[in-house]
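Engineer: Could you slot chain E onto chain B? The hints should help.
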Amino acid sequence: MKNRGNAIVMTVYLLFLLIPIYWLINMSLKTNTEITSTFSIYPQTFTFANYITILTDPSWYMGYVNSMIYVVMNTVISITVALPAAYAFSRYSFMGDKHLFFWLLTNRMSPPAVFALPFFQLYSSIGLFDTHIAVALAHCLFNVPLAVWILEGFMRGVPKEIDETAYIDGYSFPRFFIRIFMPLVASGIGVAAFFCFMFSWVELLLSRTLTAVNAKSIAATMTRTVSASGMDWGVLAAAGVLTIIPGALVIYFVRNYIAKGFALGRV
Amino acid sequence: MEKTQNNKAWFLVLPVLIVVAFSAVIPLMTVVNYSVNDTFGQNDFFWNGLGWFEEMISSDRMHAALGRQVLFSAIILAIEVPLGIFVALNMPKKGFWASFCLVLMALPLLIPFNVVGTIWQIFCRIDIGLLGHSLAAIGIDYNYTNDALDAWITIVVMDVWHWTSLVALLCYAGLQSIPQAYYQAAKIDQASRWSVFRYIELPKMSGVLLIAVLLRFMDSFMIYTEPFVLTGGGPGNSTTFLSIDLVKMAVGQFDLGPAAAFSIMYFLVILLVSWVFYTVMTTLDAQETK
Numbered sequence: 001m002k003n004r005g006n007a008i009v010m011t012v013y014l015l016f017l018l019i020p021i022y023w024l025i026n027m028s029l030k031t032n033t034e035i036t037s038t039f040s041i042y043p044q045t046f047t048f049a050n051y052i053t054i055l056t057d058p059s060w061y062m063g064y065v066n067s068m069i070y071v072v073m074n075t076v077i078s079i080t081v082a083l084p085a086a087y088a089f090s091r092y093s094f095m096g097d098k099h100l101f102f103w104l105l106t107n108r109m110s111p112p113a114v115f116a117l118p119f120f121q122l123y124s125s126i127g128l129f130d131t132h133i134a135v136a137l138a139h140c141l142f143n144v145p146l147a148v149w150i151l152e153g154f155m156r157g158v159p160k161e162i163d164e165t166a167y168i169d170g171y172s173f174p175r176f177f178i179r180i181f182m183p184l185v186a187s188g189i190g191v192a193a194f195f196c197f198m199f200s201w202v203e204l205l206l207s208r209t210l211t212a213v214n215a216k217s218i219a220a221t222m223t224r225t226v227s228a229s230g231m232d233w234g235v236l237a238a239a240g241v242l243t244i245i246p247g248a249l250v251i252y253f254v255r256n257y258i259a260k261g262f263a264l265g266r267v
Numbered sequence: 001m002e003k004t005q006n007n008k009a010w011f012l013v014l015p016v017l018i019v020v021a022f023s024a025v026i027p028l029m030t031v032v033n034y035s036v037n038d039t040f041g042q043n044d045f046f047w048n049g050l051g052w053f054e055e056m057i058s059s060d061r062m063h064a065a066l067g068r069q070v071l072f073s074a075i076i077l078a079i080e081v082p083l084g085i086f087v088a089l090n091m092p093k094k095g096f097w098a099s100f101c102l103v104l105m106a107l108p109l110l111i112p113f114n115v116v117g118t119i120w121q122i123f124c125r126i127d128i129g130l131l132g133h134s135l136a137a138i139g140i141d142y143n144y145t146n147d148a149l150d151a152w153i154t155i156v157v158m159d160v161w162h163w164t165s166l167v168a169l170l171c172y173a174g175l176q177s178i179p180q181a182y183y184q185a186a187k188i189d190q191a192s193r194w195s196v197f198r199y200i201e202l203p204k205m206s207g208v209l210l211i212a213v214l215l216r217f218m219d220s221f222m223i224y225t226e227p228f229v230l231t232g233g234g235p236g237n238s239t240t241f242l243s244i245d246l247v248k249m250a251v252g253q254f255d256l257g258p259a260a261a262f263s264i265m266y267f268l269v270i271l272l273v274s275w276v277f278y279t280v281m282t283t284l285d286a287q288e289t290k
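Each protein sequence line maps, in turn, to chains B and E. Under the numbering used here, the first residue of the first sequence carries the number 1, and numbering increases by one thereafter. Under the numbering used here, the first residue of the second sequence carries the number 1, and numbering increases by one thereafter.
For reference, chain B alone in the conformation it holds in the complex:
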């Protein structure tokens, strides 16, 4: 009896989540004339034309490529710099550590809108405007603190005796860190990478401000579908569906870590 109640609640909630997504997929498989002229809950003239438009037009598919490039760059940079810092926070107390930790977190809290314009000027002045690395660095603003926060949570769970034993056995710090410590917090690294990927992938404001042509992200590309013939709803919907796919794949691969990561990693 109780289980049935649970199932009903979950079904209703999942339907609420999925219906808007279904509608997007539905739209992406219709022609524009069908979208504007008739109303139906499933496509009557089934077409992949919208997807073909996106996958054959470089100005569209390069958006995906650019997004993937800077998202991966950002994830690598964030995790690389966050690993030693998280180790330091989890193992040592040093002058100003608590203040530093809170200061890092405040960057996660700062509204991107505040930083949009200064970022634009900063990166223009050092000649990085419209490059992938500019967006990747800009996204470090909120991803590095987040990665430090998550990793610190995981590293706290690793007993300190392991470090001490390794040092007695004559491991140097870098070798100990890479050979012994990193495998121990592998799931933490996975979770942190997942969140870095996610927050960099979904961000629009900074990626749009910092790019023009060469590194334009898919999110920014999608804001220009108003053509002479009105809104190109079909293509817009298809582009939307394609942005969901990488996220869905990532979730599928880390599904067993998500709950664990949320619990241990405190995010």
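Hints are not guaranteed to be accurate.
[As the list claims (entries may be wrong)] Partial selection, computed: residues in chain E whose CB lies under 10 Å from chain B:
hint, residue
1, 110
2, 266
3, 278
Calculated directly from the structure, the hints in this document are not laboratory data. C-beta atoms are modelled at their ideal positions from N, C-alpha and C, and glycine is treated no differently.
Structural biologist: Chain E alone, transformed into the frame defined by chain B:
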């Protein structure tokens, strides 16, 4: 865990410091610089002291945007936190259905913000949207582009759709960490469902719940892209939240001084509230480990 005192740990933190300083401190100083200067163009800046701050503090425009923002964040927290807890309590505990629910629930979290706006735009328009069309068909006068109340409802529902899963996943993780023995003890004591929730589950979730509230507060207070795509801040100014107003001012009108002063105050408000949350969180943490 007892931590060793070691000031050399600063070297390990150094890379983070450099990266974050480059992408946070330099831009922030630029903002501070703008906020105390005025210009007639051509990069001719002169000192304006606290003029912009005084102007912004007494400006009706900022008050209105701040009011809308506070109202929005309050509504969001009031809906998403209880709903998230409720969903988490109803999730299957393990097995195939647990992963199934996890994957589907995490889906909205990984959709780019502007696509979320697009999805709801397509879903709610009266001419082509399922929701808009159905509501019109049963005779409800609904139009989020013209009616301020409808626009608000649409944005709130969209945000609930987008972020409730985050609260639910966090609470779910908190629930998973409760040892089975607690439930067995409750059963022996013949505790009601409500007292199990009140005295076992809620205290055990309090840690993750605080994180959820903190994250949801910060993110809803900074919301920009979704309402921008959906309503563009309209109709009129009825859904112009702080970030939207700020971008309008800084990039649209290029009023750098006021926008910078606005930014700094905006940042300070978030900082203050987050600091309170953070202090409460760490104090609770310390109590727990004692």
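Engineer: None of the hints should be skipped; say for each whether it holds.
Structural biologist: Structure-based check of all given hints:
1. 110: Constraint on residue 110 of chain E satisfied, holds at 3 Å.
2. 266: 6 Å, holds
3. 278: 6 Å, holds
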